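**Q** Going by the numbering used here, the first sequence opens with residue -14, and the numbers climb by one from there.
Please keep in mind that the hints were generated in silico from the structure rather than gathered at the bench.
All of these numbers come straight from a predicted model, not from anything done at the bench.
There could be a bad hint or two in this list.
Below are the DSBU-like pairs computed for lysine-lysine, each with C-alpha atoms no more than 30 Å apart in a straight line [unchecked claim]: (1) -4 with 8; (2) 3 with 164; (3) -13 with 75; (4) 146 with 3; (5) 75 with 8; (6) 15 with 113; (7) 146 with -13; (8) 113 with 44; (9) 172 with 75; (10) 164 with -4; (11) 105 with 172; (12) 172 with 8; (13) 3 with 116; (14) 164 with 116; (15) 75 with -4; (16) 164 with 8; (17) 116 with 75; (18) 44 with 164; (19) -13 with 8; (20) -13 with 15; (21) 116 with 105; (22) 3 with 113; (23) 172 with 15; (24) 42 with -4; (25) 172 with 116; (26) 113 with 146.
Using C-beta positions, here's what the derived DEER-type ranges look like [as the list claims (entries may be wrong)]: (27) 104 with 144: 18 to 28 Å; (28) 160 with 106: 28 to 38 Å; (29) 132 with 52: 13 to 23 Å; (30) 160 with -14: 39 to 49 Å; (31) 17 with 164: 35 to 45 Å; (32) 42 with 141: 29 to 39 Å.
Where is the CB? At the ideal position from N, CA and C, for every residue including glycine.
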Amino acid sequence: MKLPLEFYLRKNVTTIAKDLLGKILCTRIKNATTSGMIIETEAYSCRERGSHAFRGKTKRNEVMYENGGIAYVYLCYGIHEMFNVVTNVKDKAEAVLIRALSPLDGTATMMQRMNTDSLKRITSGPGKLTKALNIDRSFNGMSLSNNELWIEDRGIAIHTKDIVCGPRIGIDYAGEDAKLPWRFYLKEPKQKSTII
DNA sequence: TACGTGATCACG
DNA sequence: GTGATCACGTAA
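When you get a sec, could you build the whole thing from the sequences and use the hints?
**A** And the structure:
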């Protein structure tokens, strides 16, 4: 079942980042469905220096200011498309970066898109999972409850004790805010046993 | 460990 | 207009 809009409209972005672990990110492109379980996320808020929205609204980050439940997709390092989930209500600019998935549906399609035979390599990074699911900047601002792009709950329960948190990756420029423990991921052993 | 790659944004 | 910078991935 697709996540309801209320899931995304909540005000605590770190809570949403944790709650997204174990949920399923899916795309359906030209009859090909691909998906994976979310196993790593990072929270971003306009209140801290790590966020694109820290300095206010720009053409790139404007969708972060919309109501939650839509996608924020941008190009990083000139090569990689990055997928974020916009959260909170209009004008409260917050988002959750999806950093890694555990592949579920359409693995053959994803491996073909990634030009590899290795399951482990297709969705193990923020730039890779977008390519595997065929997400690009044309998805920017798109609702997460339509038939092309959505996140669903398949009843996989994640315990707090199985969630590891730590500082976010690649934001050294954010000064003290780079130390915020706003990166969340699943412990390895549990991650395997929850995939059935 | 180095570097490709191009959009973005804070400057003029 | 320009230039430094960047929420990464890969090869080595």
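**Q** Next step is simple, just say for each hint if it's right about the structure.
**A** Tested hints:
no.	hint	verdict
1	-4 with 8	holds, 19 Å
2	3 with 164	holds, 18 Å
3	-13 with 75	holds, 21 Å
4	146 with 3	holds, 12 Å
5	75 with 8	holds, 24 Å
6	15 with 113	holds, 20 Å
7	146 with -13	holds, 25 Å
8	113 with 44	holds, 25 Å
9	172 with 75	violated, 34 Å
10	164 with -4	holds, 21 Å
11	105 with 172	holds, 16 Å
12	172 with 8	holds, 15 Å
13	3 with 116	holds, 23 Å
14	164 with 116	holds, 29 Å
15	75 with -4	holds, 11 Å
16	164 with 8	holds, 26 Å
17	116 with 75	holds, 29 Å
18	44 with 164	holds, 28 Å
19	-13 with 8	holds, 10 Å
20	-13 with 15	holds, 20 Å
21	116 with 105	holds, 14 Å
22	3 with 113	holds, 21 Å
23	172 with 15	violated, 35 Å
24	42 with -4	holds, 19 Å
25	172 with 116	holds, 25 Å
26	113 with 146	holds, 28 Å
27	104 with 144: 18 to 28 Å	holds, 25 Å
28	160 with 106: 28 to 38 Å	holds, 33 Å
29	132 with 52: 13 to 23 Å	holds, 20 Å
30	160 with -14: 39 to 49 Å	holds, 41 Å
31	17 with 164: 35 to 45 Å	holds, 41 Å
32	42 with 141: 29 to 39 Å	holds, 36 Å
In terms of the numbered hints stated before, the structure departs from hints 9, 23, listed from lowest to highest.
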